[in-house]
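Enquirer: Now for the letters of each chain:
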Amino acid sequence: MLDVEGLRSGYSEVAVLQDVSITVGAGQFVSIVGPNGAGKTTLFKTLSGILTPMAGSIRFDGEDLLTVRPAERAHRGIAHVPEGRQVFASLTVLENLEMGAFTRMGRAAWQVNIQRIFAWFPVLRQRADQLAGTLSGGEQQMLAIGRGLASQPKLLMLDEPSMGLAPAMADFVFEKLMEIRKDTGLTILLVEQRVAEALQFADHAYVLETGRVVLDGTRETLQADDRIRQAYLGM
Amino acid sequence: MAFLRSLLPYFTFAAGYLVVAMLVENSYYQLIITLVLVWASFGLSWNMLSGYTGLISFGHASFFGLGAFATVLAQIHLGWSPWIMLPVSALIGALAGVLIGLPTFRLRGHYFALSMLAYPLAMSYVFQWLGKPEITIPRVLDHPALFLQFEDRRVYSVLALLLLTVIVVITRWIERTRFGMSLVAIKQNEAAAEAAGVDTLRWKLKAIAVSGAIAGAVGSFYAVVILVITPSSVFGMLVSAQALTVAMFGGVGTVWGPIIGATVLIPIAETLHAVIGSYLPGIQGVIYGLAIIILIIAAPEGVFWKGVDLIRRRRVPAAGTVPSGAGGVSRAASVEPAGGASPASRISDRIMLDVRGVSKRFGGLRAVRNVSFQVRKGEILGIIGPNGAGKTTLFNLLNGFQKPDQGQVLLHGSDLAGCRPHFACRAGIGRTFQVMRPFKRWSVANNVKVGAYVRAASEEEARAIAREAVAQVGLSAISDRPASALTTKQLRLLELARAIAGRPEILLLDETLAGLGSEEAKEVVAVIRTLAATGLTILIIEHTMQAMVQLVDRFIVLDHGQLLTEGLPEAIVKDPRVIEAYLGAKWAAHA
Amino acid sequence: MTGTQIIIESILQALAAGVLVGAIYGLMCVGLAMIFGIMRVINFAQGDFMMLGMYAAYFAFTALGLQTVFGAVPGPYVAVAIAGPLLFAFGYAVHKFLIRQVTGMRTIAMEAEGHYAQLVLTLGIALVLQNGAMILFGAQLVSLRTPLTGQAWMLGPMWGDAVAVFLNQAKVVAAIVSVVIIAGLWLCIKRTRLGKSLRAAADNPEASVYVGIDVDHAHRIAFALGSAITAVAGGLLATNHPFHPFVGLDYVIVMYAGVVLGGIGSVIGAFWGGMTIGLVQQLSILVLPTQLQNATIFVFFLLIVIWRPQGFFGRVTERT
Chain A
1 MLDVEGLRSG YSEVAVLQDV SITVGAGQFV SIVGPNGAGK TTLFKTLSGI LTPMAGSIRF
61 DGEDLLTVRP AERAHRGIAH VPEGRQVFAS LTVLENLEMG AFTRMGRAAW QVNIQRIFAW
121 FPVLRQRADQ LAGTLSGGEQ QMLAIGRGLA SQPKLLMLDE PSMGLAPAMA DFVFEKLMEI
181 RKDTGLTILL VEQRVAEALQ FADHAYVLET GRVVLDGTRE TLQADDRIRQ AYLGM
Chain B
1 MAFLRSLLPY FTFAAGYLVV AMLVENSYYQ LIITLVLVWA SFGLSWNMLS GYTGLISFGH
61 ASFFGLGAFA TVLAQIHLGW SPWIMLPVSA LIGALAGVLI GLPTFRLRGH YFALSMLAYP
121 LAMSYVFQWL GKPEITIPRV LDHPALFLQF EDRRVYSVLA LLLLTVIVVI TRWIERTRFG
181 MSLVAIKQNE AAAEAAGVDT LRWKLKAIAV SGAIAGAVGS FYAVVILVIT PSSVFGMLVS
241 AQALTVAMFG GVGTVWGPII GATVLIPIAE TLHAVIGSYL PGIQGVIYGL AIIILIIAAP
301 EGVFWKGVDL IRRRRVPAAG TVPSGAGGVS RAASVEPAGG ASPASRISDR IMLDVRGVSK
361 RFGGLRAVRN VSFQVRKGEI LGIIGPNGAG KTTLFNLLNG FQKPDQGQVL LHGSDLAGCR
421 PHFACRAGIG RTFQVMRPFK RWSVANNVKV GAYVRAASEE EARAIAREAV AQVGLSAISD
481 RPASALTTKQ LRLLELARAI AGRPEILLLD ETLAGLGSEE AKEVVAVIRT LAATGLTILI
541 IEHTMQAMVQ LVDRFIVLDH GQLLTEGLPE AIVKDPRVIE AYLGAKWAAH A
Chain C
1 MTGTQIIIES ILQALAAGVL VGAIYGLMCV GLAMIFGIMR VINFAQGDFM MLGMYAAYFA
61 FTALGLQTVF GAVPGPYVAV AIAGPLLFAF GYAVHKFLIR QVTGMRTIAM EAEGHYAQLV
121 LTLGIALVLQ NGAMILFGAQ LVSLRTPLTG QAWMLGPMWG DAVAVFLNQA KVVAAIVSVV
181 IIAGLWLCIK RTRLGKSLRA AADNPEASVY VGIDVDHAHR IAFALGSAIT AVAGGLLATN
241 HPFHPFVGLD YVIVMYAGVV LGGIGSVIGA FWGGMTIGLV QQLSILVLPT QLQNATIFVF
301 FLLIVIWRPQ GFFGRVTERT
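Protein chains in written order, with the numbering used here: chain A, 1 to 235; chain B, 1 to 591; chain C, 1 to 320.
Rather than coming from a laboratory, the hints here were simulated on the basis of the structure.
A portion of the hints provided could be inaccurate.
[Said to hold, decoys possible] A few chain A positions that, by computed beta-carbon distances, are all more than 12 Å from chain B:
no. : residue
1   : Gly6
2   : Ala55
3   : Arg127
4   : Lys182
5   : Thr184
[What the hints assert, rightly or not] Taking lysine-lysine pairs in the DSBU-like style, the calculated list, with each CA pair at most 35 Å apart, reads:
no. : chain 1 : residue 1 : chain 2 : residue 2
6   : C       : Lys190    : A       : Lys154
7   : A       : Lys176    : C       : Lys190
8   : C       : Lys96     : B       : Lys187
[Unchecked claim] Label pairs and their calculated CB-CB ranges:
no. : chain 1 : residue 1 : chain 2 : residue 2 : range
9   : A       : Thr52     : C       : Lys190    : 28 to 38 Å
10  : B       : Lys574    : A       : Tyr11     : 27 to 37 Å
11  : B       : Val435    : C       : Pro289    : 44 to 54 Å
12  : B       : Leu290    : C       : Phe70     : 35 to 45 Å
13  : B       : Leu310    : C       : Pro289    : 52 to 62 Å
14  : B       : Leu91     : C       : Ile306    : 19 to 29 Å
15  : C       : Ile306    : B       : Gln550    : 49 to 59 Å
16  : C       : Phe70     : B       : Lys306    : 45 to 55 Å
17  : C       : Ala81     : B       : Val166    : 32 to 42 Å
18  : B       : Arg420    : A       : Tyr11     : 27 to 37 Å
19  : A       : Gly6      : C       : Lys190    : 45 to 55 Å
20  : B       : Glu519    : A       : Ala128    : 46 to 56 Å
21  : B       : Leu95     : C       : Lys190    : 44 to 54 Å
Yeah, the Cβ is synthetic: ideal placement off N, Cα and C, and Gly gets one too.
All chains, please: the whole structure from these sequences, using the hints.
Expert: Encoded structure:
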């Protein structure tokens, strides 16, 4: 479904990513792990079109994504749940979800989706008329995921959903993700610093270190590999 | 001597201009020749503030208009000669600059620009209300020269050229000293400038005072040349816009900008005004407006810099053949063995920095909670923790960017909590930043020199300190290269050099290895080690753990704003709490 | 009539005039707030867009023969209604060909360095519009008078038949139209999908892209809408204030003062900000010479930005 090849990208002239290649098959759960500063967020921003790559190609559903304008990519079925959540703080919870359904498919399936989102995250129904900026960190993360789901995506990209959350809340969010995946069979690309959680559910995973893919494989092979620990802790 | 030589191109231009001016008989064309110089001078006044500090002023007509009105009114009511009023107007302009600057420098970006626009418009209404819709300089029949009145219009051009020359010399002199360098540092990154020991408010006030003084004198001279002034002809928006336009069109932040801008735009605007102005009355304004629009879209930095870049780009292929990275750093790398003095001999028992219970909250978020630790002289302390753990906030509390809600930051026993960053820098705390913003057109040496002023009494000394700092990080071989031509690694080293040029006792390094490959990171680590070997105490935030465990003597670990643990590298990487914070709870269980 | 009654009457008269002119100022400010609040772009030319709106209404009224078709009383208001869409198209084009070059997606990855280019660009546009208008329309004062301009309703007499307040009919109509437009706009922003997407684009441009909102397009709509609203406000103002090509300069400060006072990004706040400016201006005439009323506004503006740049009305969302 998503096919990234030889991607080189970054800010102004500084290349953060070097020759990154990643494949996500339909229905797969793929994780990208790596310490802070490895270039995970840069990769996502490049996929969404906020950053323009210096080299390489990105294909989504067989189409060259680099020819698709950034805002149009959401309409093609890519939902990006960004790092730090980035909910629309001055809009209500319900309005945030409506904006998630800004895409053509999302609008068509709005009635069904909103009920499902509320079923997964009942707290969002309770807070529907509250301003998103007043939610707690965990609730904002749920809202950000709900906003992504409301677009009726083919691919859900999650950038560090556990960031800044208390461990219990992070666990809850991951459990919900698994529940959503089980219910929908959605294709998911996850970027995560917390390796254990990220690997636990993944069909396939990549280890990113200082802008390069240093390791990839299935959960089992990666969990057995001590190189991950080294990537994080240096020894 | 070098200073005078740098003025040679200007004097050549001035001589040429003088010859042309002498040859023109027609009084109308002579007026244009004078006005080009007047507006170039006024553009230089704008450039002094906005070009160097980056604070865009839309209200330079304030100073210009005050000078003009003061001069005319003084002659009418007090009988004072414009010869006296020229310096007096400069004083008035400087005073107005300080008075306007004091409240307005609290504002940034849009707000600064808008407020500056309001001052001259308000003044214009006040002068109208005072019953001065139009005033004329009275003609003096006895000794007109004593009142700056001359039959031969060429005299005005000569005087204007003298005025411009004085202003150019002042500007060039400022440009080359710590005054100008501090202003540019402010433009580049005000926070970093403060952290490098620059008292930003003081320099900005000086800049607006000089700028206002120039504008006041130019306004005074303009009134003498033009004879009749109205509030809108000296306080109007077109006046402010003209200063901005000639400077921006020619090039921001250089003496040549306003001169080029005025030489090109003024004759066009004036000629068109003369030829078709009678039936197209606003043609001047349209031309300035169009010039601005085209400029912003096509060459936002102005004609001069566009030209410089074009020339440089043509030269680049030749320069590019010099191997870019290798030459610079090999030296530092070779120093490595010597620098790897054993920690025990490097670290003394003296406590350098004692952080006691600092806390900081932003609204509901408790970014740093009751953090305490001590650093001994010569130690390299690593600060690690997941994203959002509060590491950068902690640095900000240490160097004065933010004031802790509670707690103390004791350097040699005296509390620095809440003092301004330039003060912390003077007290001995240096720092680098995650985002690098060197001044791209400057050489490595000059970039570093900005950091040296805080310890240098003279330009000479600053240069010497900078040279030494550049050598310490191993960039001597490329110290003349512009920062725009450096690699990421070299830029990181440049930042290091700038920080150590302030001769800090403690150096705070914020993600100095970010964006580097592992080989490059090793080279930078080697340089940091040699710095530590000289007795410098170093605190470093970094994500790349490989490099960190090799580099630091001790770690402190932050998580959710709290001090999770501290200890030696070997212990830290095995600590279950650290593994949990980094790799997740489940990983910790299975490991 | 006693001295007290004279004072009371002039205060009431100034208050009434302040509320009426304040409503129009409020509409102007709302136009600017659309642009400033959603795009974070300072449009120095906003006053000149208003001036164009005045001339558009004026020429629609005189040249298109609206007077004969609609009559002398409704005619000018029909002309004002035409000026709105015209300036919408103008704003749309200015954004598409000029403003977009230095704002929106092009600067999304930049870090706050982008704004100086747009400041200077709109200054250039302002110069071209002011002076271009002088070339095309001449410098003489013109006005869009209706028979209502010379008529007034009287409130009172009250307080023993001694105090009466006169309300200029043209101003009353203009104030009512302003309030109605603002209410409609407020509903549109609050309730419609377009309105919500504009707010989302203002709140977080990056996240807007992720949900499929074309930020540049949202900005273009906001810019055009803001231009149209300010132009309508200008047209309404023109029914009782004569104008000239440089009229925009006086009002651009009024608008920014109102927007800053109201708290950036808040449409309703901008309205109350404009209302406050109207009242300050009219009340200042009681104690200060009339020529200084604009200077008063400028000083008032400076005091606001320097002492309370976050504004007084509306909710301030914390931004990092």
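Enquirer: Each hint: holds or not?
Expert: Now for the hints, and whether the structure bears them out:
Listed as outside the interface, Gly6 of chain A is consistent with that label: its C-beta sits roughly 17 Å from the nearest C-beta of chain B, beyond the 12 Å cut-off. Listed as outside the interface, Ala55 of chain A is consistent with that label: its C-beta sits roughly 16 Å from the nearest C-beta of chain B, beyond the 12 Å cut-off. Under the 12 Å C-beta cut-off, the non-interface status given to Arg127 of chain A relative to chain B holds; the minimum distance is some 16 Å. At roughly 19 Å from the closest C-beta of chain B, the C-beta of Lys182 of chain A stays outside 12 Å, upholding its exclusion from the interface.
Its beta-carbon lying about 24 Å from the closest one in chain B, Thr184 of chain A satisfies the requirement of being farther than 12 Å from that chain. This hinted pair checks out: Lys190 of chain C and Lys154 of chain A have alpha carbons roughly 30 Å apart, not beyond 35 Å. For the suggested pair Lys176 of chain A and Lys190 of chain C, the alpha carbons sit about 32 Å apart, so the restraint of at most 35 Å is met. As the CA atoms of Lys96 of chain C and Lys187 of chain B are separated by approximately 30 Å, the hinted pair is consistent with the 35 Å bound.
Checked against the hint of 28 to 38 Å, the C-beta distance between Thr52 of chain A and Lys190 of chain C comes to roughly 36 Å, which is consistent with it. Look at Lys574 of chain B against Tyr11 of chain A: about 35 Å separates their beta carbons, and that is inside 27 to 37 Å. A hinted range of 44 to 54 Å holds for the C-beta pair Val435 of chain B and Pro289 of chain C, which are about 52 Å apart. At about 38 Å, the beta-carbon gap between Leu290 of chain B and Phe70 of chain C stays in the expected band of 35 to 45 Å.
For Leu310 of chain B paired with Pro289 of chain C, a C-beta distance near 56 Å keeps the hint of 52 to 62 Å intact. A C-beta distance of roughly 25 Å is found between Leu91 of chain B and Ile306 of chain C, which places it inside the suggested range of 19 to 29 Å. Between Ile306 of chain C and Gln550 of chain B the C-beta distance comes to about 52 Å, which sits within the given range of 49 to 59 Å. Evaluation of the 45 to 55 Å hint for Phe70 of chain C and Lys306 of chain B yields a pass: the beta carbon distance comes to about 54 Å.
Range check, Ala81 of chain C to Val166 of chain B: about 58 Å between beta-carbon atoms, so the 32 to 42 Å window is missed. Checked against the hint of 27 to 37 Å, the pair Arg420 of chain B and Tyr11 of chain A passes, with Cβ atoms roughly 30 Å apart. Taking the beta carbon of each, Gly6 of chain A and Lys190 of chain C are about 47 Å apart, inside 45 to 55 Å as hinted. A C-beta distance of roughly 53 Å is found between Glu519 of chain B and Ala128 of chain A, which places it inside the suggested range of 46 to 56 Å.
Here the CB-CB span from Leu95 of chain B to Lys190 of chain C is close to 50 Å, well matched to the stated 44 to 54 Å.
The structure shown violates just one earlier hint, number 17.
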